[in-house]
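Given these sequences and hints, build the entire structure.
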Amino acid sequence: MSAADLLNLFIAAVLLAGVYAAMSVGMTIIYGVMKIVNLAHAGFLMLGAYFVYEAYERFHIDPLLGVLLAFPVFFLLGMGVHWLLVRRIATSDQPTLTSLLLLFGVWLVLQNLGYLIWGNSDRAILTPRTLSSLEIGPISFPTVRLVVFGAAVVSLVVLEFVLHKTWFGRSVRALMQNNEAGQIVGVNVERTAQVAFGVGIAFAGAAGGLLAMLYSFSPDFGATFQLRAFVIIVLGGLESFGGVAIGALILALAETFCILVLPASYQPAIAFSLLVVALIVLPDGVAGLWNKRRRWA
Amino acid sequence: MTTLFAPRLSRRSLGRLNILGIAVTALALLLPAWGQDKGADEIRIGVVMPITGREAKPGQYQREGIELAIKQINDGGGIFVKSRGKKLPIKEIFYDDGSDQSRSAGMVERAMSSDGVVAVLGGYSTALGEAESVMPDRYQTPWITPGAGATTVFSRGYEYVFGTLSPIDLLGSTTAQYLGNLVDKGKLSKGLKVALALENTDHGIDYGRGIDNWNHEHPGYFNVVFSEKFELGATDFSGLLQKVKNAHADIFLADAHLQDYITMHRQYIQSGMYHQMVSYGARGPEADARKALGAATDYIFAGIWWSSRLSYPQVKKFNADYQAFAGHAPDSWYPATAYDAMRILAAAIEHAGSLDKTAIRDQLRKVELKDSLLPGQVLRFGKNGQIAGSFVIVQNKPEDKVDIVFPLDAATGESIAPKPKAH
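Listed in order, the protein sequences are those of chains U and Z.
Under numbering that gives the first Met the number 0, think of the first position of the first sequence as 0, with each following residue one higher.
Under numbering that gives the first Met the number 0, think of the first position of the second sequence as 0, with each following residue one higher.
There's no promise every hint is true.
What the simulated footprint calls covered on chain Z by chain U, stretch by stretch (three residues with Cβ under 8 Å from a Cβ of chain U suffice, anywhere in the stretch; the number is not a length) [said to hold, decoys possible]:
1. 55-61
2. 230-240
3. 267-273
4. 289-303
5. 318-332
6. 337-349
To give an idea of the interface, some chain Z residues facing chain U are shown, with a C-beta separation under 8 Å as derived from the structure [unchecked claim]:
7. N199
8. E227
9. I261
10. T262
Keeping only pairs whose Cα atoms sit at most 16 Å apart, straight-line, the calculated EDC-like set for lysine to aspartate or glutamate is [what the hints assert, rightly or not]:
11. K290/Z <-> D283/U
12. K186/Z <-> E413/Z
13. K290/Z <-> E56/U
14. K242/Z <-> D4/U
15. K85/Z <-> D99/Z
In short, the hints are calculated from the structure, not lab data.
Bear in mind the structure is a predicted one, so any value in this text is a computation, not a measurement.
For each residue, glycine too, the CB sits at the ideal point set by N, CA and C.
Spelled out as structure tokens, the structure:
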């Protein structure tokens with residue numbers, strides 16, 4: 000294999016990491032603040048895909064603009080779901096069975112709603128970007144993956160900015176670090192949790208829109224990505240956005256390069272082996288390792 | 000002294016218990032009769048198909064094929080059952096298995112054990128069909144799959160299992176035969192290198208075996224230089240495609256489900272790959288794929304069990320009837336094998352002259368459908384319960400045109416080989 004081939008594969012892996020990071024951020028925010036594993040994440044990814052698809056098909060809105068529009072719409076949807084359902088779950092510093100069951104139920108409802116509205120056809124968004132590539136010498140960048148990667152990077156940067164420079168962000172970080180201490184210093188837990196849930200769902204919806212540019216989808220869409228998002232946030236350290244980026248990169252590199260020496264049918268095994276290794280060797284994820292090193296320094 | 004047993008029952012209580020026991024026994028004996036009575040003026044057929052989940056679309060098409068056949072039979076008054084001395088209409092008992100293997104088997108079990116069906120049609124996709132295929136012999140109820148073709152379903156010695164899909168290894172060997180024919184015609188060179196990417200299922204394994212078998216019997220035509228399996232529903236094929244690229248093959252043959260075909264071919268095009276001929280097994284002409292990939296599907300060829308472009312008069316009639324019934328034209332082969340499965344079952348019931356499931360099974364082994372939609376026009380089950388009909392090879396052409404290109408006596412257009420480089 001030539002150096003150009005290896006470089007092409009590395010780029011493919013990095014771009015895939017962008018896809019993975021985009022779809023995992025929403026789950027991390029919700030887990031970080033509320034200690035809820037959002038099992039309805041796949042349902043919101045699916046709704047986001049259909050939102051962007053409908054905007055493109057009905058109103059000829061560019062999918063990228065559709066993703067931007069999805070953000071406020073899904074933010075409000077998330078706030079609504081929190082107000083209607085999630086706030087009724089008793090707060091806990093560990094994921095509870097009630098929250099898992101509730102959100103699993105929400106996922107099933109969303110899936111069936113999808114079948115009711117859109118039927119069972121496979122939909123896809125085909126734009127001039129879909130099949131094109133940017134060629135720089137022997138290196139090839141699939142345009143649409145480049146766009147998704149860019150969107151993922153922008154999302155993470157904006158999120159980091161919001162978390163560090165705004166009152167809401169500081170409240171979120173306070174609750175992530177210590178819920179009770181956060182309350183003592185005046186953080187409105189319920190309000191912050193509602194907004195954080197809204198932001199998490201907004202990211203899920205936007206990520207669904209980005210995925211719709213890459214894959215065909217049906218109301219069943221999202222389950223594969225939800226499992227990978229779970230692997231990524233465990234790898235990254237459950238509550239760290241930087242960790243999400245690193246977790247996504249590790250998973251994408253492992254999946255892409257391991258296939259060079261292993262049969263491609265082992266791809267899912269690679270993801271879940273990483274999950275097992277992370278749970279045993281790095282229970283706090285990459286972020287935990289990073290924090291330890293900082294403490295030693 | 001305490002006793003482990005309840006206090007002794009009085010003679011009167013024992014009498015009451017006896018009456019209760021007799022009543023329960025009588026009820027238990029009467030219930031099956033009541034169940035039979037309920038179905039006395041109709042023939043109950045179970046239909047288990049995925050209309051949600053990853054196989055939803057083909058499952059929906061197969062359901063439409065079955066329901067069209069049921070409608071036509073019922074419009075004609077039903078099936079004549081000699082033991083009842085009259086025609087009985089078909090009552091469909093439908094279950095959606097959600098593309099889930101365990102649910103699929105469970106739904107078939109429910110239909111066979113509780114719904115009083117005389118037969119079940121079910122199992123779109125080999126994986127779901129394999130899960131369902133363990134039930135028919137257990138409940139001694141005939142089961143016909145119009146959507147599972149892997150040999151594993153039919154090689155276990157089951158007595159009540161039938162299928163209207165020709166074996167997948169025949170799909171592989173027909174694909175190789177078609178390519179060999181292109182070599183004979185001088186459109187492709189002899190000794191070309193072939194790369195295989197196969198889904199990690201019995202379907203994929205059978206497809207690869209079919210190609211290998213043909214190559215073994217016809218040495219010198221092709222060399223398989225790469226063969227690897229991939230997992231269903233993968234999120235990224237860049238590693239696999241890089242390996243295909245490194246194999247420097249001339250022909251790329253994959254065996255994939257619809258979603259994987261779309262994802263893989265998008266990445267194939269994005270990475271600027273080119274092969275003289277490209278196929279994704281039985282996938283290619285589907286409308287959803289053409290919407291997702293546009294002109295990138297042009298010149299892809301597929302081996303399929305049936306094409307709406309076959310020139311038989313019964314196919315033309317079916318196309319018109321299906322359009323009127325489903326509101327859309329047949330998309331690929333899916334409804335045709337299901338339509339014929341229902342029709343051959345109806346023929347077997349009529350020949351059996353009763354609703355006895357074993358008699359129907361015996362007739363399924365003998366009966367022939369002489370106006371079948373499938374290539375060859377005659378449908379009959381082999382000793383293992385599977386048909387052994389032929390395939391047609393279709394090739395996508397620009398502007399959403401699809402031509403049958405093989406076998407030559409059924410061809411509606413010329414093969415374009417090698418495919419133009421822009422694609």
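Against the structure, the hints:
With a threshold of 8 Å between beta carbons, the proposed coverage of the region 55-61 of chain Z by chain U holds, since 4 of its residues qualify and at least three are required. Check on the region 230-240 of chain Z: 9 of its residues sit with their Cβ under 8 Å from a Cβ of chain U, so the three-residue criterion for coverage holds. Given as covered by chain U, the region 267-273 of chain Z passes the check, having 4 residues with a CB less than 8 Å from a CB of that chain where 3 are the minimum. Against chain U, the region 289-303 of chain Z contributes 5 residues with a C-beta closer than 8 Å to a partner C-beta. That satisfies the three-residue criterion, and the hint holds.
Requiring three or more residues with a Cβ within less than 8 Å of a Cβ of chain U, the coverage given for the region 318-332 of chain Z is violated, as only 0 such residues are present. Taking a C-beta to C-beta cut-off of 8 Å, the region 337-349 of chain Z contributes 0 residues in contact with chain U, too few for the three needed, and the coverage statement is violated. Look at N199/Z: its Cβ gets to within about 4 Å of chain U, closer than 8 Å, so that hint holds up. For E227/Z, the interface hint holds, since its Cβ comes within 8 Å of a Cβ in chain U; the closest pair sits about 6 Å apart.
For the restraint placing I261/Z at the interface with chain U, the shortest Cβ-Cβ distance is roughly 4 Å, inside the 8 Å limit, so the hint holds. Against a cut-off of 8 Å between C-beta atoms, the interface hint on T262/Z holds, since the closest Cβ of chain U lies about 6 Å away. For a cut-off of 16 Å, the pair hint linking K290/Z to D283/U is broken: about 44 Å separates their Cα positions. Simply put, K186/Z and E413/Z have alpha-carbon atoms about 11 Å apart, close enough for the 16 Å limit, and the pair holds.
Under the criterion of a C-alpha separation no larger than 16 Å, the hint pairing K290/Z with E56/U is consistent with the structure, at around 12 Å. Of the supplied pair hints, the one linking K242/Z and D4/U holds, its CA atoms being roughly 10 Å apart against a limit of 16 Å. At most 16 Å may separate the alpha-carbon atoms for a hinted pair to count; K85/Z and D99/Z exceed this at roughly 39 Å.
In summary, the structure is inconsistent with hints 5, 6, 11, 15 from the numbered list given earlier, while agreeing with the others.
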